[in-house]
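Novice: If you read the protein sequences in the order shown, they are chains A and B. Going by our numbering, the first residue of the first sequence is number 1, and it counts up by one from there. Going by our numbering, the first residue of the second sequence is number 1, and it counts up by one from there.
Treat the hints with care, since some could be wrong.
Which copy is meant is left open, so a pair is good if it fits within one copy or across any two.
[Unchecked claim] Taking lysine to any residue pairs in the SDA-like style, the calculated list, with each CA pair at most 25 Å apart, reads:
(1) Lys287 x Pro49
(2) Lys125 x Ala334
(3) Lys256 x Leu20
(4) Lys125 x Asp330
(5) Lys9 x Ala436
(6) Lys125 x Asn79
(7) Lys205 x Cys36
(8) Lys125 x Leu18
(9) Lys256 x Gln398
(10) Lys256 x Asp330
(11) Lys125 x Asn303
(12) Lys256 x Ala223
These are computed hints drawn from the structure, not numbers from a lab. Just so we're clear, the structure is a prediction, and the values are computed from it rather than from any experiment.
Protein chains: 2
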Amino acid sequence: MAGLQSALKLKQAGKRVLVLEARDRVGGRAMPGEICGQTIDLGGQWVGPQQTLLHAQAREQGVRTYPQHTRGASVLSFNGKVSRYTSDIPRLSLLSLLELGLLERRWQKEMASLPTTGEPWAAAKAEEWDAHTLESWILGHVRTAEAREFARVVTRAVLCTEPRQVSYLYFLEYLRQGRGLKALTGAEGGAQQDKFVGGAWQISKRMADRLEDSVKLNAPVLAVEQDDQTVTVVTETARYSARRLIMAVPPILASKIVFNQPLPSKRNALHERMPMGSVIKIHVAYKHAFWRQRGFNGSVVSNDRHFNVVFDQTPDDERLGILVGFIDGDQAIAMSAMTEESRYQQVIADLVHYFGQEAANPIGYVEQDWTREQWSRGCYVAHMPPGVMTSFGDIIRQPCGRIHWAGTETATEWMGYFDGALQSGIRAASEVVAAAL
Amino acid sequence: MAGLQSALKLKQAGKRVLVLEARDRVGGRAMPGEICGQTIDLGGQWVGPQQTLLHAQAREQGVRTYPQHTRGASVLSFNGKVSRYTSDIPRLSLLSLLELGLLERRWQKEMASLPTTGEPWAAAKAEEWDAHTLESWILGHVRTAEAREFARVVTRAVLCTEPRQVSYLYFLEYLRQGRGLKALTGAEGGAQQDKFVGGAWQISKRMADRLEDSVKLNAPVLAVEQDDQTVTVVTETARYSARRLIMAVPPILASKIVFNQPLPSKRNALHERMPMGSVIKIHVAYKHAFWRQRGFNGSVVSNDRHFNVVFDQTPDDERLGILVGFIDGDQAIAMSAMTEESRYQQVIADLVHYFGQEAANPIGYVEQDWTREQWSRGCYVAHMPPGVMTSFGDIIRQPCGRIHWAGTETATEWMGYFDGALQSGIRAASEVVAAAL
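Isolated chain A (complex conformation) (with noise of 0.2 Å):
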């Protein structure tokens, strides 16, 4: 999406441009799938309130959006034990809630001390957060047990890798992007409030449909050479010069292609150091949305079963139930390893553990492995373990000659999401119209 918003954003502008795709379809990490006849999506697909760049988007794209069901009590499966609870309080001991509220209090302090520009390394305290990860952050400052194992559960939802590998520091920038952990985790007025109608992968296609034949997919790109004129990018098949190249991959992707003009060794690292999350999203559906009439919402956060977190995805018209979930983490890439067959067993056996026995009986599953990804190599975004943010994070939007990075990871808000996608898009494309040869 960041590749196909700079290229519209160039073509407003006058340019000529060429897109280049290595899958067979656009989106990258917005993805159509579909379960019993009904339109889902195996990648990204929901928005928040705020995320005014991807509704303007939408909206420009003829794309509609509903709300996410929440209407009923959402499911608690916690050290064993399975709560139900309304509204946005989970069912832990007075002692852990008075903690996760101090926690938040004190994660959105923090975040707000960060500048408010992308640039966390320039944070008076940058450099003693970048030596924690979050999980030893967690050791040191949360006490109570069931607070702690809160903290991993919710940071482990939000950025699909486990908290002793990310850094402090970039967890609170990616608090600070995502608005604080309420906005992030949430539906209601949080990113999880609304959902495309028909899918958010249509809003991609139907960017690159107004780029008509400009974008050329099934082209992997595994070079690029560079001279004072221009820039060459070569695939299998072809080279195609430009006097500008904007490379909307993640950073590990772009590690992987051959520059004959090397890289600095600082970009190099970055590369090399931002690994994906781990990921399976998957869809079941049932003849009814049977756990609606049982006063559930269909939201599940769990941290002793496999498949972590569940909403709703039932369309509209209620023909049939559909429950949308993931399994995040380390959890991720154990299960990818098993055969579908197994994964499946457990994903219904979780099921029925949070909704009863009439979740034994699916009509239909449907699964995406991101972890198996070659374009993605997981979702849904690259993370910074410690250090990496202060040593080499200041270089992630600098042009290098004549190439200029975009892609969620590059954003200064909502980075990991669409929205931030779309600002990359926009501000890659801003410094090469800014550039003009």
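Following the hints, position chain B against chain A.
Specialist: Frame of chain A; chain B shown alone:
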């Protein structure tokens, strides 16, 4: 060296072997060079008394050793002050020295609690240690500013990376494999005790010579294809099929190869989470080893200059004087972006700072920037950020179908050293022999 060792072992076992080498020379992180007519090592060069595999292989190949020069005082340039010291004990405040002594004893005890099998993820405190960076651990356990800073300098010199980028568990495992900090950093009795007459690279060269035309140079591997019967390796110009494949490259290089039968997500995750250290190795030649006459042994450790670690590299006949040293960690990345002239000026200024005005007039200067080496992506060794060892580490030596893994990063003793490379090559070869078909 790992690949060559595997090939020799397999040849001895009666197998047919082929070694594909990306570069125009064998040796990988061993690399020959020359300064003022004197052969030098642009890559690894030392051998310690505990590195029995390397000693044995050198003997086998007829390469002799000679001791690192250590007679005289070492230089410590620390927090803006230059001092000279003899024996192992630098000139720090008594309190700092006391704390460093305690620190070393603690590390000694903790590393001794790790399994001797190279499986640190199985240690009792693995999860906790792997949640910390070395830096966050230092901040929590070392109090005096001097001791903290000295711990940073030493670890930066060993791993060529900033303490905030490395898992504390990985660091302890590195200590264990290298027999503790003293052995890792020391000359006499340690990993820098001896050097090879004519250079360390000769060992690899002579190993390759014994393999005759079974070694193909300039043959970077682009893709690997597996089926039930064979594994096929694809280069730009040819395809080679075999029963078994041993990959002896750093993890990040393995991540750039395309596998038709996708590797397990866990293996990919590991490859994409083990970045290489950053180092520039520099030799400076003088008419005479003037520092010796002034009572210096040529060794420097510094935390306040750029050319952080220096050793005497003068040939035995003393027909000229040579200093060899390193710019490591973030400094290497920063100085890699300079012109060679600016780097030269900085290095000479640093040597003048350490040894006085006589250092200002070198007769030769040779540098090797490992951060820009396409086929190593850094030196001396890959490291693991927090959370990688406990989440993905246990797959590091597990074959994937017909693919076996060698390289110093997979060693269980002396990982990061030639000795570890040899151990890994022997292990991978025996896996192949045991697998038979």
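Novice: Taking the hints in turn, state whether each one holds.
Specialist: Now the hints, each set against the structure:
1. Taking the closest pair of Cα atoms, Lys287 and Pro49 never come within 25 Å of each other, the shortest separation being 32 Å inside a single copy and 71 Å across copies.
2. With identical chains, the CA atoms of Lys125 and Ala334 are at most 25 Å apart between copies only, with a shortest distance of 22 Å across copies and 36 Å within one.
3. Within a single copy, Lys256 and Leu20 get their C-alpha atoms as close as 16 Å, and across copies as close as 20 Å, so both meet the 25 Å cut-off.
4. For a Cα distance limit of 25 Å, the shortest separation of Lys125 from Asp330 across copies, 19 Å, qualifies, whereas the shortest one inside one copy, 30 Å, does not.
5. In this assembly of identical chains, Lys9 and Ala436 lie within 25 Å of each other by CA distance solely inside one copy; the values are 14 Å within and 59 Å between copies.
6. In this assembly of identical chains, Lys125 and Asn79 lie within 25 Å of each other by CA distance solely across copies; the values are 22 Å between and 34 Å within a copy.
7. In this homomeric assembly, Lys205 and Cys36 come within 25 Å of each other (Cα to Cα) only inside a single copy, at 22 Å, whereas the closest approach across copies is 62 Å.
8. In the homo-oligomer, the alpha carbons of Lys125 and Leu18 never lie at most 25 Å apart, since the shortest distance is 42 Å inside one protomer and 53 Å across protomers.
9. With identical chains, the CA atoms of Lys256 and Gln398 are at most 25 Å apart both within one copy (19 Å) and between copies (24 Å).
10. Taking the shortest Cα distances, Lys256 and Asp330 sit within 25 Å of each other both inside one copy (24 Å) and across copies (23 Å).
11. In this homomeric assembly, Lys125 and Asn303 come within 25 Å of each other (Cα to Cα) only across copies, at 22 Å, whereas the closest approach inside a single copy is 31 Å.
12. Taking the shortest alpha-carbon separations for Lys256 and Ala223, both the intra-copy value of 9 Å and the inter-copy value of 12 Å come in at or below 25 Å.
Violated hints, listed in ascending order, are 1, 8; each of the other numbered hints is respected by the structure.
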